[in-house]
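Enquirer: Taken in order, these protein sequences are the chains called A and B.
Throughout the first sequence, residue numbering follows our numbering, covering 1 to 260 in sequence.
Throughout the second sequence, residue numbering follows our numbering, covering 1 to 205 in sequence.
I should point out that these hints are in silico values taken from the structure, not numbers from a laboratory.
Just so it is clear, the structure is predicted and the values come from calculations on it, not from any experiment.
Even for Gly, the Cβ is constructed at its ideal location relative to N, Cα and C.
Treat the hints loosely; a few may be bogus.
[What the hints assert, rightly or not] Computed list of chain A residues with no C-beta within reach of chain B, every gap over 12 Å:
no., residue
1, C57
2, G73
3, E225
[Unchecked claim] Which bits of chain A does chain B cover? Going by a derived footprint, with three or more residues having C-beta under 8 Å, they are:
no., region
4, 18 to 28
5, 40 to 49
6, 158 to 172
7, 195 to 209
8, 240 to 252
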Amino acid sequence: MLDLDNLTPEQYRTRYEALQETARARAASPKPVAKFADIADKDIISRDAIPPGWYACLRLKRGASLRITNMSGTPGAAFFMWNADETSERYNAGDTAKLQWTTNLTTGRVLFSDMGRVLASITADTGAGHDTIIGPNTPAQTNGRNGRDNLRGAAAKFGLSRRDVGPAISLFSPVAVDAQGSMRWQGNPPAGAMLDLRAEMNLLAVLSNTPHALSPAQQASGPVEYIIHRAPKAGADDLCRNFTDEAMRGFINTDGFFAA
Amino acid sequence: MNIISDTLVPARAPYSAVLKAGQIMRIIDLKSQQAVDALFYNATDTTERYSAQDTLAAQAAKGGRYDLTTGSALLSNEGRIMLKIIADTCGFHDTCAGACSCEANTVRFGHETRFMHSCRENFITELAKHGMSKRDLVSNVNFFMNVPIRPDGELTVDDGVSAPGGYVELRAEMDVLVLISNCPQVNNPCNGFTPTPIQIIISES
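Given only the sequences and the hints, what does the whole structure look like? Please build it.
Expert: Here it is in structure tokens:
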């Protein structure tokens with residue numbers, strides 16, 4: 001048994017580099033193909049179209065799935081979520097990137113809470129790009145309706161406050177770091193860009209049809225549609241549950257929360 | 001220059017202080033390669049607090065980088081300037097990767113690391129002294145921590161580059177409550193695998 005508090009610096013480094021090597025091999029391997037399952041009418045729990053500038057408060061049971069469609073190619077949609085059973089647990093942007101060694105959140109990746117648990121899995125994604133480093137727009141970018149105020153509005157309707165709104169994710173937001181280390185907007189996502197998220201815990205969530213902070217256009221161009229629906233239970237061979245060692249450990253924590 | 005406090009923060013330990021507007025805090029990496037995690041709150045209304053995303057959005061809009069150095073303005077969740085970095089011998093400080101926690105460690109480094117000390121343990125201890133809780137633990141700055149984001153999206157924690165005695169100086173632009181965790185992490189290179197003491201000097205002119 002290793003005495004983890006008393007390894008030599010060389011031993012710690014060896015452990016870290018092994019983890020890094022595994023993560024890099026995963027990132028370099030072929031990307032999984034996104035499979036968007038047909039949704040039968042009988043499985044639909046709720047659906048709506050969010051007009052430009054507005055938001056929706058969503059409740060998802062563990063195992064339910066959320067399909068989000070960017071009908072017009074609008075430059076971003078803000079998203080944030082809380083564990084419905086314990087709202088001090090919420091989406092954590094830093095952990096989501098750091099634990100998966102990447103800012104590229106797409107098919108196969110998961111979204112982590114601040115408690116080392118998986119809140120939601122990205123089961124399918126058309127690959128428009130989603131950004132959790134810079135995130136949704138705020139009153140600093142626009143005088144109009146904005147992601148920051150909408151996330152707070154949803155928080156308020158769940159009985160929460162601005163204390164409960166941390167760094168968020170801006171869906172459909174192609175952003176990349178250039179050679180100088182600047183984050184750059186890569187152009188609007190295509191109309192019809194789509195994302196399937198599976199709830200891995202009972203969630204309170206907010207989806208806001210408001211642009212990314214770096215988008216040159218600061219008005220949403222069209223509706224964002226969503227469908228909450230019943231989905232098949234994740235099997236032992238589930239893509240997201242097995243995609244990385246980190247996700248596997250995250251799901252051990254998540255499943256532990258629900259152990260009867 | 002009038003020194004208000006001069007504190008040696010032991011390896012792995014927390015620290016907190018209130019900076020009055022105009023006061024300057026110097027954080028000194030005494031031995032080199034020591035990450036210093038920091039949270040900032042408006043001292044008169046702690047629900048206004050540091051926001052990494054506001055800070056980086058403003059910086060990116062001006063063509064700036066995804067990390068912090070001299071000239072960076074640290075913005076709140078109301079988009080107001082809380083502090084400015086006025087001197088920096090290191091060159092970059094992370095604000096994307098967040099603070100380490102026991103729970104995140106289980107995911108990143110394995111469940112055998114669950115009972116190792118972490119920054120969020122320090123922060124929760126220090127938040128409680130100021131009437132706050134985990135709900136108030138939001139985005140932070142990791143001074144002296146080297147977290148490159150590569151054009152392909154990879155985000156890693158690399159070896160720190162700060163030299164012994166290296167420092168960063170921040171000037172408060174409002175009354176700011178500062179919480180610090182002298183990072184205890186040994187499972188990645190942010191502390192050279194050996195956490196060491198830091199020195200914090202608060203002064204005013």
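Enquirer: Which of the listed hints are not met by the structure?
Expert: Violated hints (numbers, rising): 5, 7; every other hint is consistent with the structure.
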